[in-house]
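Undergrad: Listed below are the residues making up each chain.
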Amino acid sequence: MKLVLYRFLLWADYTFSLIKAPVITFAVVVAVAFIHVFSLSANTCLAAEVNLPHLNVIYMAQAGYQPEHFREMTREFTRRYGIEVVLNIVRYDEEYMKIVTSATSPVATYDVVLVDLIWAAEFAKKKYVSPLDRGFVEKIRQDIPEIILDAFEYDGRIWAMPFLANIHFLFYNDDMLNGAGFSGPPETIEEMEAQMRALKKSGIVKYPMIASWNQKEGLICEYVWMVGAYGGELFDSAGEPVFHRGPGVTALETMVRWVQDGLVNPLSLTADELLVKDVFISGKAAFAPNWTFLNALMNDLTVSQVAGKARIGLLPVADSVRSATGRLSSSVSGFQGLAVMSNSSRKQEAWQYIEFITSPDMQGRFLQEVPVWVSLHASPEAKEKDPDIDVKLKQLEWLHHRPKLVRYQEISAIMQKFIHAALEGTMSPQEALDIAADRARRVH
Amino acid sequence: MLKRKSPNSEDMQVRNAGSPVTRQVRQGFRAIVWSTFVLSIITFYAISNLTSALHQINTFDISAIQLSGEISKKIYQTTSNVYLAIAGGSKIDRPQDQLNEVKMLLASLYQLLMGHPDERVREILLTLDYIEEASVEYTDVLVGMQDEEDPERLYFLLRALSGKGEWLISRSEHMQLRIWEQMGPRLANTERLAALLKAGVAVAFAFAFVFGLLVSRRIASTLIEVSGRIREAAAATHRESERSVAISDEMQTSSRRTQAALQAVLKAFHGLVETSGVSSEASQRIAARMETGADAADMLADRTRVTADASDKTRSTISSLGAKLTLANLVLRETISLVHSSVNVATEARGHGDELGEQMDRVNLVLQSITNIADQTELIALDARITAARSGEAGKDFGRVAQQVGDLAQMSSTAADEVKELISEIKASTLGVARSLGLSIERIQSLLYQARLVDEVFGEIKGSFDEILCLMDEVKNAANKGAAEAELVQTSMAEILESARQVAEQAGELAEEMFEVANGAQAAVEASETVASGIVSQAELAKEQSRLAQQVTEEIAKLA
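Protein sequence lines correspond, in order, to chains A and B. Counting in numbering that gives the first Met the number 0, the first sequence runs from 0 upward without gaps. Counting in numbering that gives the first Met the number 0, the second sequence runs from 0 upward without gaps.
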């Protein structure tokens, strides 16, 4: 080995003396230029294939602003700035996969993505999206509630511009309640159960409640507000699971009891939010916990059979929690924000698009959803266009976020499986939650 | 590149000085071989990395994604088949075997993943476990549906199956996604590596081409250069040899002359050695004298300094004395003025004494009158007493009064006499005092005269003192100058002494060196004799070299 090294050194020395420094410099310059040209041509080839002359945006068709509203906002942007935007409307279930696939490609498929708050930690940790400028955050902080911004915070930065202040409400059929002798929606879980039993007993409705308790993310959302109603959270501040103790167990026991006693429609175990909407607006349920989007649809005479009869109200809390803490309600956040992909080649235009589409001006024109801007909440236009704005703002005060975990997707899947197993009756609530907590710890 | 102090620096120096052609050619070819070797290693390393990355993508990532996709597809197909069967009113055929294919795919995937048991795969393996569990639950629902007759219950079971299927598919897709998450960056890296390799190979070929060209040109030019140099060297050697013969002859002559000249130089050196010895001794003597002179100058400087100090002290003493004399003069003048005022007082006293004498004379006259009166009164009193005695008893009282008056008159007369005596005494004293005062005044005036004389003497003394002080200052300045000049003399003497010493030492050293030179000259004379004989033999060798160079030139001319 030493001999080889010695020979090599002799060769190098000879080569140097032979070629001399100017020639070596020239050769290095040529080599660098060569490499640069080659890598440039490789990148150009790649970019030519994917760097389309417009912005690519991915959006979901489920809760939140409906696709036609979103398209209208986008058209307005194109008119204003002359930048073409290609909208990719997908199902919520597909969105995560598409974003991750795009993020791990050499060049982003999408420039702007709709980020659910539960993905914020993972996307931030893996640097799939770019954080918001600190100065910009300080500016918007003055007009966006802390609870909304906090949903997209990770490691001291905000990773998506809040766009949808989506929250869970209790939609109820006022006619049915009146028919059962109740003057208004329930304020506590116990009162809600009593009303459901009365409704069922009186035969007004076979299954008083419909909920999105299928083995998907919707089930976790429902479980979060139920646990909150009993005064608990799913994970502690250190990220350790605590849902298998106290409020978490009581909440699941209540849900199981409601299924077993026929208070909740058995379809709930296979229902997503859209099916819940369909059942409720067809007048086959007195109660339907669901996202904001149902508020507009239930009063739409073209699709709803309960228009004028259905109301939006606050989700209840357990009597013990209400009396002990004064909490009036418990809900779950479903905030979504718009973010720029880290590997986007059109970041500047992408930020321009996000700033425009999330602006108070644009949100003020589309008040089907709760605006993220405080200044819009109290505006006369908002009150005129949305008579239920006060209830929505009230519900905003009693929110629970789903846990901000980098491995949330895996942990959520585990919880979905075991909570659903308990609802199906194949496991007791305690057993199901214990296993789920154990497995969540292994993933975490 | 190698540093100059590296182990092969000698080789380098030899090469730089002009190494043999065979070595240069060998080095050139060796450089080409080594360049090719190094390029081959780099290329091999890059290709092997690229191949390894591609192999991993191909055998692990793509296979895993394919298997995951297959699992999703099979579950979807199974659920669709169940829907179709229920819709067609037929039974599900062997429900417990419906997911057998999925189970086989899961086993294959598990086997594949176990071959890469790193941290990234751990999460995928966990998901695989959950898929396996859920597929059992899926099968259980299917089995439950087999004998279900209630359409509503069947509907719910079908939805449940669909839900389980969706969850399974979502997990499979999630698994695919996680594999893709790993594959994406790996693909990008591979792409970058391939691009770099392409560029690297191009650069390597360019380098090899340019380098080969340079080496071959260098070898060719070296051969031409070396051949030319040999020819030039042979011709030069021939010329130099001829010159060498001529020079050798000249040198032989010069050598003899040099020998003679050296003999003369040797003699001169001997003379110089003697002269320098004498010079050294003289220098030593001068140095001794200089030392004595320096000591004297030193003493002179000391004495002059003492004189200056004494002058300084004397001056201060005289100044002090002058001040005291000035003070005495002032006291004297004060005394003279006091004496003047005493003389005035005494003169005035003498005037008063004279006035007192006159007044005494006038008192004496009065006293004479009183004495006369007293005598007359006594006579009267005697008459009265006689009269009273005459009067008898009646004149007794009168007689007693006359007696008393007579006594009084007697007493007055006595007193007047006594006063008279006293006045005479006072007068005599006053006259004495007046005389004494007059005498004193005379003496004082004489004293004043003498004091004035003393005052004048004081004035003269003070003037003399000032002159003395001026003289003392001049003496001191002269002494100080003298001291400085003495010091200068001393320093100069010390320097001269040091120079003299150095001259003496150098003269000694010179003498020794000259002695050595003389010895060297002696050796040179002897050497020049040897050189002369060497030059003779060198001239013979140069003739031989010239003959050989002529022969080499002829041979090279034949080669060219």
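Be a bit skeptical, because a hint or two may be false.
30 Å max Cα-Cα, derived BS3-like pairs, lysine-lysine [to be verified]:
1) A/205 to A/124
2) A/97 to B/72
3) A/308 to A/403
4) A/384 to A/403
5) A/199 to A/308
6) B/266 to A/97
Think of the hints as simulated: they come from the structure by calculation, not from any bench. No experiment lies behind these values; they were computed from the predicted model shown.
Undergrad: So which of those numbered hints doesn't the model satisfy?
TA: 1, 3, 4 and 6
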